[in-house]
Each structure stands twice: as structure tokens, then as C-alpha cells.
Amino acid sequence: MTEETRHGWNGSGCARAVDLLPLHVRGSISDACDVLWLEEHVSRCDSCRAEAVFLERLLSSRREAPAGLAAAVMARLEDATVSMPSRVPDAPGSIPNRPHLPPRRFGGWAVSVAAVLVLALGIGTFWMAESNVAGDLFLSAFLEDGDEPGNQDEWMVAGAPVLDALPDEVLLALVTEGAW
Amino acid sequence: MTAPMQNPDPEEDRPDGPLVQRARAGDRGAMGELINRHQGVVYRFLVGLLGDEELAADTTQETFVRALGNIAGFRGDSTFRTWLLAIARNEARGAMRRRVRRREFTLDDAPPLQDQAAGPEHVTLGRAEVGRIRTALDSLPPKQKMSVSLRLFDGLSFREIGRAIDSSEGAARVNYHHGIRRLRELLDDRGN
Ligand SMILES: [Zn+2]
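Respectively, the protein sequence lines represent chains A and B.
For reference, each letter of the first sequence is one residue, going 1 to 180 in my numbering.
For reference, each letter of the second sequence is one residue, going 1 to 192 in my numbering.
One or more hints might be untrue.
Said to hold, decoys possible - Derived CB-CB ranges, DEER-like: (1) A:E64 / B:R75: 29 to 35 angstroms; (2) A:A75 / B:R24: 18 to 24 angstroms; (3) B:A25 / A:A32: 32 to 38 angstroms; (4) B:G126 / A:A15: 18 to 24 angstroms; (5) B:R181 / A:A75: 39 to 45 angstroms; (6) A:A67 / B:P141: 28 to 34 angstroms; (7) B:D138 / A:D46: 40 to 46 angstroms; (8) A:G13 / B:R75: 36 to 42 angstroms; (9) B:G17 / A:S47: 35 to 41 angstroms; (10) A:S43 / B:D27: 43 to 49 angstroms; (11) B:G170 / A:A50: 21 to 27 angstroms; (12) B:R127 / A:A50: 22 to 28 angstroms.
Unchecked claim - Interface residues of chain B toward chain A, partial, derived using beta-carbon atoms under 7 angstroms: (13) G32; (14) R151; (15) L152.
Source of the hints: derived by calculation from the structure; they are not laboratory data.
None of these values were measured; they are calculated from a predicted model.
Ideal Cβ placement from N, Cα and C applies to all residues, glycine included.
Chain A extracted, bound-state conformation (with noise of 0.2 angstroms):
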């Protein structure tokens, strides 16, 4: 059994079906008895089917990766004088310590911890001219971060701000085209 109906459904059969049909159109459930089963609801469900055909439909828009990534990836690596992390976190939330890279298009992170810290202002200054309270969100959360002098080392790695402390809707709000 897959993960996804190992601690299935009792109710109706098309709860488990709508989770399932996702990855039947990709052709990624493994479980043949899965497979089977879907099949078979699927056969006779007016709702399930137009469910797959939709998703089908869907699926037929999947961007992809741009061609020629993992030969740009590599030739950084080999171009990278990688410098391995003091300590190195494991856990998905943690992130790794950035490798001494060259320059990319919008500059490295040869950005001094002061320059960053004025430059939040700066920003937070320009985002409240626009919007009080993104200005309120984007500010308080980055200097949230920052601001402690002893903290430095937890921020700041290997150069890198490290941004984890700063909410996903903020972020998201500072590149939503209506937002600027």
C-alpha cells in the first residue's frame, strides 16, 4: 500500500479517489492493487472521471526546467572555491552555509552586515510609502532578525543573510505585481 492509503479513508470511495487520481495521471502510484482499485471507481463515477480528465488537462501545462541547468549547476561547482560549513545542518528547515561562488546577475552577497541593515531601511522606508502595512510587516520582520548584535552568527552565514525569519506572505507580497 502507498503512504497515501495506507491510513486511508472508510467514507466514500471518491475522497480516496480525488487524493489518488493526481498521481494515477502521472502514472506514479506503484501500488498495482491501487491502481486497480482507482480503475475500477473511476469506471463507474460519472465525478471521478471528469475529475481525471481535468487533471489531465492540467498536467498538460507543467512548465518545465529550463534545458542546460545541470550543465550551468556543474560548471559553478567545478568554477567554486567551496568553502565547507563549520556546521551543517540537517534538518529540511535548515539551511546549508553558502560556497564562496562568483558573482551572479544581481550581484553576490559581498554586502557588509551594516550595508544590509541600512539597506532594510531604506527599503522598509520606500515599502511604507506604498503600503503602511507591508512597510510594517516587511521592516519588523527583517530587523526581527537582525538586530540583536549577539545574533549575528545565526543571520549572517558564510556572508549570507540567512532569511527563514522573515514570513512567506511578506515575501510573497514584495514580488505580487499589484503590490508594486
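With chain A's structure known, arrange chain B with the ligand on it following the hints.
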């Protein structure tokens, strides 16, 4: 229903462990294989987060450079994919920060989400229809958008989606179903 399409990611059910071990030992071939396995999910995840294909492509590259440059730090407490998505999230934050900084100095407009609806995978659906679906998907609230994408396009479990979007497994499932329902509303006027 029609027969299931060929698995777009035939390697995904193979464990990454052996490749990660080889990559940690400096095996470039293993690193390349890890990129090939996971570049799609990372790229799509970042398109969902950033709303910009070009920026997502750059950030995908940054994510892999950073992950593989520090692969000694991955000890397998989570799946390699979950670890990658956590790194991608942080890289996305950095990319957003740089964009804000650039905006501060240049006041240029954020580039619109580009429609790159070209390529062999779109032959059957047609470019206009692909663009229409992507526009609808891009208009969903972020967690719905990413739950639909990670589930349908990349086959993640709801548990793994929850970790990627910083939600519970149940919330990931609800976001997926709400997202699909909203897409039906947005797209059903042309029928199936
Ligand atoms: Zn049904």
C-alpha cells in the same frame, strides 16, 4: 478515463540515498543525476513562490549550487527532495530581497510572468490553452498553487507538501482540493 500517461519522472520512486552518498564523495556524475531528478520540482516550486519564470530559473540554479556545494551537510533526516525545497525557499527569499533592493534603486517594474508555453510537451494541448491554464494556476493563492503543483506535477505526498509549504499534512490536502476546485471554476467555461 484515458490510460495513465507515462511517468514524467521515472526516477522519482528510486531512492536518492546511493546517489547522495556518491555525490558526497565528490562524484560529479551523481551530482548531475540528482540535478536531473529534481530540477523540475525545484523550478516549479520556485515559479510558484516567485511568480517569475526567469527569476525561478536563476534561483533553481542557485539552489543546486548551494545544495551540492554543501551536500556534506545532508545526512538523510529528511528526503533529499524535502531538503532541496527548504533550500529553494531560502534562496527564493534572497531573490526577493535582491529584487526589492534593485527596485529601490531603479524603480523598474517587476517583470510580468512570462508565458513560455512552448516545447514538445505542449503539442497536444496548444499554446494558448497552456497559457490559459498557467494563468489560472498562477492566480491561485500561494499555498493552493504550490499544493496543486507539487501534488499533480511532481507527485509529492501531502505530508511532504506540508513540509515544503510550512503547513500540516491536512492543510496541504485541503489547499490542494480548494485549488483544484478553483481551477475548475476558472477553466470550466470551455468544458473538457
Ligand atoms: Zn468517485
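Hints and how they fare:
1. A:E64 / B:R75: 29 to 35 angstroms: 31 angstroms Cβ-Cβ, so the 29 to 35 angstroms window holds.
2. A:A75 / B:R24: 18 to 24 angstroms: Holds: the Cβ-Cβ distance is about 20 angstroms, inside 18 to 24 angstroms.
3. B:A25 / A:A32: 32 to 38 angstroms: Since B:A25 and A:A32 have Cβ atoms about 36 angstroms apart, the given range 32 to 38 angstroms holds.
4. B:G126 / A:A15: 18 to 24 angstroms: Cβ of B:G126 to Cβ of A:A15: about 33 angstroms, so the range 18 to 24 angstroms is violated.
5. B:R181 / A:A75: 39 to 45 angstroms: Given about 44 angstroms between the Cβ atoms, the range holds.
6. A:A67 / B:P141: 28 to 34 angstroms: holds (31 angstroms)
7. B:D138 / A:D46: 40 to 46 angstroms: violated (30 angstroms)
8. A:G13 / B:R75: 36 to 42 angstroms: holds (40 angstroms)
9. B:G17 / A:S47: 35 to 41 angstroms: Since B:G17 and A:S47 have Cβ atoms about 40 angstroms apart, the given range 35 to 41 angstroms holds.
10. A:S43 / B:D27: 43 to 49 angstroms: holds (47 angstroms)
11. B:G170 / A:A50: 21 to 27 angstroms: Once the Cβ atoms are compared, 25 angstroms apart, the range 21 to 27 angstroms for A:A50 and B:G170 holds.
12. B:R127 / A:A50: 22 to 28 angstroms: Taking Cβ atoms as reference, B:R127 and A:A50 lie about 25 angstroms apart, which means the hint holds.
13. G32: holds (5 angstroms)
14. R151: holds (5 angstroms)
15. L152: It holds, given that the least Cβ distance between B:L152 and chain A is near 4 angstroms, below 7 angstroms.
Of the numbered hints listed earlier, those contradicted by the structure are 4 and 7.
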